[in-house]
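K.L.:
This is what each chain is made of:
Number of protein chains: 2
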Amino acid sequence: MSQTISFQSLHRFTSNAFLNVGMSEADAATGADVLATTDAWGIFTHGTKSLAGYLRRLQADGLRAKGRPRVVREGGGWASVDGDSSLGMVASVFAMKTAIAKAREQGIAYVGVHNSCHFGAAGYYAWLAAREGLIGISMANDIPSVAAPGSRGSITGSNPLAYAVPAGNRRPILLDISTATVAGGKVYAARARGEPIPANWIIDGNGRPTTDPSGFPQVGALLPMAGHKGYGLSLLIETLSGILSGAAVTWGIRSWAHDDASLPTLHGAAFLAIDPECICGRDEFTRKVEGLIDEIHGSPRADGVERLIVPGEPEWERYDRALSEGIALPTDVLENLQKAAEMTGLKLETLFI
Amino acid sequence: MSQTISFQSLHRFTSNAFLNVGMSEADAATGADVLATTDAWGIFTHGTKSLAGYLRRLQADGLRAKGRPRVVREGGGWASVDGDSSLGMVASVFAMKTAIAKAREQGIAYVGVHNSCHFGAAGYYAWLAAREGLIGISMANDIPSVAAPGSRGSITGSNPLAYAVPAGNRRPILLDISTATVAGGKVYAARARGEPIPANWIIDGNGRPTTDPSGFPQVGALLPMAGHKGYGLSLLIETLSGILSGAAVTWGIRSWAHDDASLPTLHGAAFLAIDPECICGRDEFTRKVEGLIDEIHGSPRADGVERLIVPGEPEWERYDRALSEGIALPTDVLENLQKAAEMTGLKLETLFI
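Protein chains in written order, with my numbering: chain Y, 201 to 553; chain F, 201 to 553.
Bear in mind the hints are in silico, worked out from the structure with no lab data behind them.
Note: identical chains are not told apart, hence a pair may lie in one copy or across any two.
Simulated pairs of lysine to any residue, SDA-like, Cα-Cα distance not exceeding 25 Å:
no.	residue 1	residue 2
1	297	274
2	266	226
3	488	284
4	297	276
Given the sequences, and given the hints that come with them, work out the whole structure.
P.N.:
Pasting the structure below:
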């Protein structure tokens with residue numbers, strides 16, 4: 201079951217919801233653009249499905265509708281941003297724009313954010329940089345949900361990492377991953393269907409890998425992607441987005457979805473921008489990125505494989521279709537938008553016009 | 201079979217070998233320190249085992265014994281280094297030192313290297329930064345040996361990535377990984393033993409995952425770690441170490457082990473340094489990193505697991521043992537050191553004093 205909504209309607213509805221809880225027009229538009237774009241990419245787990253959850257915190261003041269992210273300390277190639285408990289998307293867009301401006305001067309910049317919240321899809325912020333011709337890298341920490349090798353429970357968050365590389369006239373190379381093997385949602389789906397899962401997805405309550413999803417997430421934890429490699433990368437993300445940024449780390453973070461909505465969640469995030477124009481010239485850079493993409497597209501394929509994909513291509517194809525034909529929103533997203541409508545006095549029907 | 205050699209003897213032997221092919225004392229010591237430290241960490245695949253291979257190129261002039269890496273362009277937070285076809289370790293140490301100096305001023309720095317060669321263990325250069333109190337990140341490209349999802353053959357190199365985070369009085373957190381599921385050496389070992397391998401290690405000549413290692417590497421390719429995630433990360437590494445640096449990419453790189461030794465291999469590498477002292481203060485940073493390490497060590501463990509490991513701990517324990525008790529060099533390393541001795545007029549026996 202799904203229903204097709206135009207990108208513009210979804211954007212406007214989301215923006216109006218944010219306006220109705222007291223956000224400024226500019227901040228509401230920023231939040232709406234992140235969430236609607238994420239849905240347009242087809243990443244429905246991180247788009248407007250979460251709107252009602254963010255609104256709950258905005259109404260309870262754990263997220264501050266009038267929060268103003270600001271640079272509290274800075275140097276040539278870096279800045280430390282206090283998110284002021286504003287919507288995670290507002291703090292994150294501010295931070296990446298700060299990184300972009302600094303990278304244009306210094307070649308590269310790091311901006312860490314503390315006092316933020318769940319920022320949605322990491323890829324959006326990386327794309328902000330790539331739209332401006334820069335390489336963007338974004339990451340964040342979150343409440344622990346992922347095991348370390350040998351642990352009985354969760355050690356780190358699913359700590360997402362995204363990057364975007366500008367590719368001239370083509371859409372940027374864009375990767376947005378969690379450092380867990382899979383998202384918890386895939387485990388829930390298997391549990392709902394009563395199906396076993398691969399042995400590298402979760403551990404049970406005794407810390408042993410299991411193919412039985414029925415106990416998750418009451419006991420057990422997700423497994424890191426590629427074992428110790430994903431665990432190691434999640435600790436780098438924790439360091440850059442939690443420690444260096446001055447945010448909370450691991451168990452010091454609150455769940456944006458489940459914990460007391462009147463309290464800040466204290467998430468951290470990190471944004472890097474690198475300007476090829478400074479370092480090797482934009483034309484040279486673009487020509488070589490295009491060459492790499494062509495090389496991949498032209499490489500021999502396994503039997504039955506129609507094409508080789510450069511990261512982001514499926515998302516960009518869905519995005520183009522979303523903008524021209526609308527987005528087929530899944531039922532669970534629509535149900536959450538109904539909640540958002542009720543919370544903010546909007547009518548869900550406005551989505552369909 | 202293995203033989204125990206003191207760290208100092210291994211370092212001196214390696215340095216003498218480099219001296220005997222015309223390198224300066226300083227460069228020979230640099231190369232020896234990288235390779236002997238790698239062996240001390242127990243990463244024998246990337247230590248002095250490769251010495252004879254590097255000497256072959258140095259003697260044939262594909263690697264230039266008197267090569268002088270230099271900054272050819274730079275800005276506040278970045279530099280572009282021409283490796284001058286010097287030993288990869290010499291160019292890489294120069295580049296990371298450049299990144300450290302710039303990061304101390306700007307908070308973060310990127311240094312790309314072109315006209316380099318295989319740089320051994322990426323972790324050494326990350327550690328250089330951590331020894332100075334900075335976060336270090338290092339990466340490089342290499343000849344293609346790893347598939348993309350759906351490809352019939354190799355698309356990217358095994359593109360290594362390492363980072364090191366300073367941890368006060370403790371040894372740095374240190375992760376050094378390839379973006380392939382496993383190193384080719386593990387496939388060779390299974391083939392030699394006539395054993396099947398897990399289905400996520402390699403593809404066969406038709407691009408299909410296989411548990412049969414017997415055809416590798418004549419046909420097939422390694423698989424990326426965690427599927428599209430490892431593939432995506434390898435493209436970011438290719439971008440930063442190959443494209444942005446002005447180096448060769450993918451099939452434009454020559455094999456340092458197998459291709460004509462009189463030609464440069466044209467590898468690229470990238471080094472990032474981030475200075476916590478600038479951004480949040482070294483004491484605050486260190487206290488939180490130590491807290492994270494303590495938290496991991498104190499977390500509940502699965503049945504039968506003796507301890508939870510922070511990345512780098514096994515390497516540092518081997519390192520400490522190596523410096524106090526010597527390094528138990530495997531037979532294949534000793535055989536390669538015998539070759540190195542013959543190539544440079546050294547006596548292998550000098551290793552044992």
